[in-house]
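Student: Residue-level listing of the chains:
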Amino acid sequence: MNLFSLLVWAGVVLLGAAAIGGIALNRGEPINALWFIAAALCVYAIAYRFYAAWIAATVLSIDATRATPAERLSNGHDFVPTNRWIVFGHHFAAIAGPGPLIGPTLAAQFGYLPGTLWILFGAVLGGCVQDMVTLFFSTRRNGRSLGQMARDELGNVGGAAALIATFLIMIILIAVLGLVVVNAMKNSPWATSTVAATIPIAMLVGLYMYKLRPGRVLEGSALGVILLLLAVAGGGWIDQQPMLRELFDHPGLPLAFAVIGYGFAAAILPVWLLLAPRDYLSTFMKLGTVILLALAIVWMRPEIKMPALTQFVDGSGPIFGGALFPFVFITIACGAISGFHALIASGTTPKLLSNERDIRMIGYGGMVLESFVAIMAMIAATVLDPGVYFAINSPAGVVGKTAAEAVATISAWGFPVTVEQMNLLAQQMGEATLFARTGGAPSLAVGMASIFGSAFGEHLLALWYHFAIMFEAVFILTTLDAGTRVGRFMLQDMLGNLWQPLGRTSWYPSMLFSSAVVVAAWGYFLYIGVIDPNGGVNILWPLFGISNQILAAIALCVATGILVKSGKLKYAWVTMLPLIWLVIITSTATWQKLSSADPRIGFLAAANSLSDKLATGMLSPDKAAVAPQLIFNQRLDAVLALFFVALLWLIVIDMLRVCMRHLRGQAVPPLSETPHYPTRLEEAWARD
Amino acid sequence: MGARLMEALRKLWRVVRRVSGDDGYERYLAHRAAAHPDVPALPRRAWFALQQQQKWSGIKRCC
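Protein sequence lines correspond, in order, to chains E and U.
Heads up, the first sequence is in the numbering used here, so the first residue is 479 and it goes up one at a time.
Heads up, the second sequence is in the numbering used here, so the first residue is 3 and it goes up one at a time.
It is possible that part of the hints are untrue.
[Stated by the list, open to error] Among the chain U residues that face chain E by a calculated CB cut under 8 angstroms, a handful are: (1) 6; (2) 19; (3) 22; (4) 23; (5) 30; (6) 46; (7) 50; (8) 59; (9) 63; (10) 64.
Calculated directly from the structure, the hints in this document are not laboratory data.
Note that the coordinates shown come from a computational prediction; the quantities given were computed from them, not determined experimentally.
From the three backbone atoms N, C-alpha and C, an ideal C-beta is built for every residue, glycine too.
This is chain E alone, in the form it adopts within the complex (with noise of 0.2 angstroms):
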């Protein structure tokens, strides 16, 4: 390294230690959203330059000279040796969900410095060293999945593990990301004539795509997008309509039963008809939306008004409960470490790798940039008044049911907010109330029109509004068709074993009936969302964390135990302390959620106290009608958390006794690495 390059990394170190030293010591002061970036960009580029570089060089050994997959087994449809920048596109836009967007928003509930740190510290030093190892091992096995490393790598138990959790977690994602997209269209007639008009667009673009001009999916996906904007302009069209608004007016109940036949039905048709043209539609959505936001952000230089800390850290927040450790790890899994990443990672994307050295770019600066995408909305929820954020993101049950009792409750905190003000809000983004809106979408939809309105024009507020309803909503769908979909694939897999024609992905009856019974079991979990008065959310992103970070440690197993049977033992911190951590959040997180008295935290004591309550009468009609659900729900989450935890630690321990088995000099599994093959292919960028 010469002088001038030390003299710019210096820099660089100074710079981000004074942007995190600001945030992290700044108290009461308004401080600038500019310094979250400066300070993310600078602890990226260290962390990349010289932590990843090393990994790669020195525990991976990534061998340039060696042919990929891509190569050897290129065959033009899933092996295709590609130019790295598109395979870095095409890996980003398959990691880069909802997650990262609903996850910080939810957070912020602590304040913005928790969340923040873990971002960042989270995703340099687990959540993208988890990525790259994953493509990196993966590549090494000719693409093969997860669930196949754990089995060649580990053994039987490993493997069925890997499985179940991956199925367990598809579940409990689909049912979160519905009970979002529900309570963005609750009683909102242009939210919800918005996404339903998502829905015949996308087949519009499917036919255009299959049956009129085959295989243009650049003019389909702009026809896509215009009709996209013109929806989010009609949904205000819509909204003025006295009769037509009464159309798309609905409590939640009636919207997730949409939601969950819409599920079904999409799971059914063709995939050139409805989830391939709106996964191309959400894509570009995607991309541009994160591009437009963090241009607005350095453009306009919002001021953060959310405090460091607040007193929810104690455990009693409105939003979900429970204290800063460990549940803003858990809250936040997506944009910092995400064990969903890894099934992307293995099988799709080291199909497309043309070299081995590309694989830090990608796994590694891939997520990089998902947890750059976190932190503009952890600073798009921060930037809003903290009274609004509170009074837009806690459910009724928590803050009184009138807007008069929220606003008390939530001042009563030390977070001003006025009823006038919150009317006014609702006004400017043209909806009838923003109280109690919870699941993230709408705080973040608020916080992302107030800073575009701010760029780009203040009278358009109620558009921003609902085109970043829309953006959610669109991928969302995405996520949901997909996962049903890949559900029914892993559920017909299994059950192939017992019925063999069941096993058969494309005879209709079991393609009806599996997709049935996925879309049943996620759509069990929204409905007991959307009738919780507590809204929901507060049960299932904990539940989708834990099940996600289990996915993540299962990951991290299969990577340790690869190191320390290639000889790497001395090396295997890189992955061990990683997966340690997880290992501590989530079993903390399920200790918390079994035992605590708190009915807010633990899911037993919510059980116990709410069939107290009903067995004393004290509780009103509607709500004694559904607190057998609710029970019910409660003792079935505990089962399933105590489930996921078991899981972990039977992989935790089958790894460890690789490990020691193989330390011993006894038999284990053998490495399943591909032998080594010369390249043959010129340099990269000839090709393209």
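We have chain E; now place chain U onto it with these hints.
Tutor: Here is chain U on its own, set in the frame of chain E:
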């Protein structure tokens, strides 16, 4: 100047088509011509349907 700008725009357009998969069929034809010149290639619509079906049978989208 104008020629270089046009060249840059053309390159950008190629990148956009490549990232979005818009040029997928052309690349498929090129692959078939190079690797299996004796087997007739699929027509455009059949190729697109097959490609979509394969793309969405695994985990392709995340949270």
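Student: All hints are to be evaluated individually against the structure, with a verdict given for each.
Tutor: Right, here's what the structure says about each hint:
1. 6: This interface hint is violated because 19 angstroms lies over the 8 angstroms limit.
2. 19: 7 angstroms, holds
3. 22: 5 angstroms, holds
4. 23: Holds - the Cβ of residue 23 (chain U) comes within 8 angstroms of chain E, reaching about 6 angstroms at its closest.
5. 30: Hint on residue 30 (chain U): holds, closest Cβ of chain E at ~6 angstroms, below 8 angstroms.
6. 46: OK, holds: residue 46 (chain U) within 8 angstroms of chain E, min 5 angstroms.
7. 50: 4 angstroms, holds
8. 59: Nearest chain E Cβ about 6 angstroms off; hint holds.
9. 63: Interface hint status for residue 63 (chain U): holds (4 angstroms vs cutoff 8 angstroms).
10. 64: Holds, because the Cβ-Cβ distance from residue 64 (chain U) to chain E comes to roughly 5 angstroms (cut-off 8 angstroms).
Consistency note: the structure conflicts with earlier hint 1 alone.
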